[in-house]
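**Q** Sequence:
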Amino acid sequence: YLKLQNTTPEKEQEIIEFLKEQRVVNWLVSIDGEYNLGIWALTKSIKKMNDLWKELLEKYMDYIDKRWLTIFTKVSYFPRAYLLEKEKNLDEYTFVTEQDEIKLDKTDLKILKLIAPNSRISVLEIAKQLNITPKTASSRIKQLEKKKVIVGYRTMFDLEKLGYQYFKVHFNLHNLTTEKEKQLRAFIKHHPNIIYDNEVLGGDDIEIEVQVKTLIDLRNLLSEIKEQFAGIIKDYKYIMFYKEHKYLFFPG
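Numbering of the sequence shown is given in our numbering, commencing with residue -15 and proceeding in unit increments.
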C-alpha cells in the first residue's frame, strides 16, 4: 500500500502510469481509506520486488508519505455467490507462494500471455496467433490445467454498474486456537459476499475481501463476525477499492 502526499492529480496519475508499466505489477487500484494506492506484484524473488521499491522511491520519494509491504503466503478465491442469490459453491481457487516450480517452454508462456487478458479467446485464435495447430493449442491448454498452472477462468465485472462496492478488511486476533481459526475460516468460505481470504506475512492476522452493495451491508457483516467470534477478534480496519487501473494474473 502507498499513502501519497504533496501530489496534484497530474502527479498522482504519473505515479499510477509508472506502476502500470511495471511488468511485475499485476493489480493496481485506487483506495479510499488510510492509503491511496494498492499494488499487487508477482515476482520470482524478493529481490525483484525490492528493485521495484527502490526505483519507485528514487523517482517519487517526495510524494510518498508511508508504505506498507506484506507478502502473500496463501490466497483463496471464492465464486461470487451473491450475484446468483443462491447457496455458495464451496469450490475455491488457491494460490500458494511456496510450490515446486513448473518448467514451461516458450509456447506455453505465449499461450498464457494470450489467455491472461482475455480468457474467452478461442483455441482457433490462439493457434492462428502462435502459428500452431488447434490440436496442439488445445492439448497445451489441457496440460497447463492438469499441472494447475491454469487453475480457473474468471469473468470480470464492472461492480459500480452492478451496484456493488469492494472492500478489504484486516483483522487482528487474540486468544486464537487452531479450532477457532478453523471455524472462522469456514465462516469466511461460506459467506456469499466474501470473495478472498488472504494469508500474509507482515500484515494483519486475517485479511478478507468483500463485495457488498452498501457500507451498511459491510457493517452488518462485521457485526456478525464480531458476534460469532467475539473471543478472538481484537480489532479490525477496512479500506475501499474504488478504481482498478490494472488487473492481470499472469506476470508480464
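Worth flagging that the hints you see were computed from the coordinates, not collected in a lab.
Model, not experiment: these values are computed from the prediction.
Among these hints, one or two may not hold up.
To be verified - Okay, derived cross-link-like pairs now, EDC-like style, lysine to aspartate or glutamate, Cα gap no bigger than 16 angstroms in a straight line: (1) 164 - 211; (2) 58 - 211; (3) 173 - 191; (4) 152 - 188; (5) 132 - 188; (6) 227 - -4; (7) 28 - 69; (8) 166 - 191.
**Q** Tell me, which hint numbers fail for this structure?
**A** Going through the list in order, the structure violates hints 2, 5 and 7 and respects the others.
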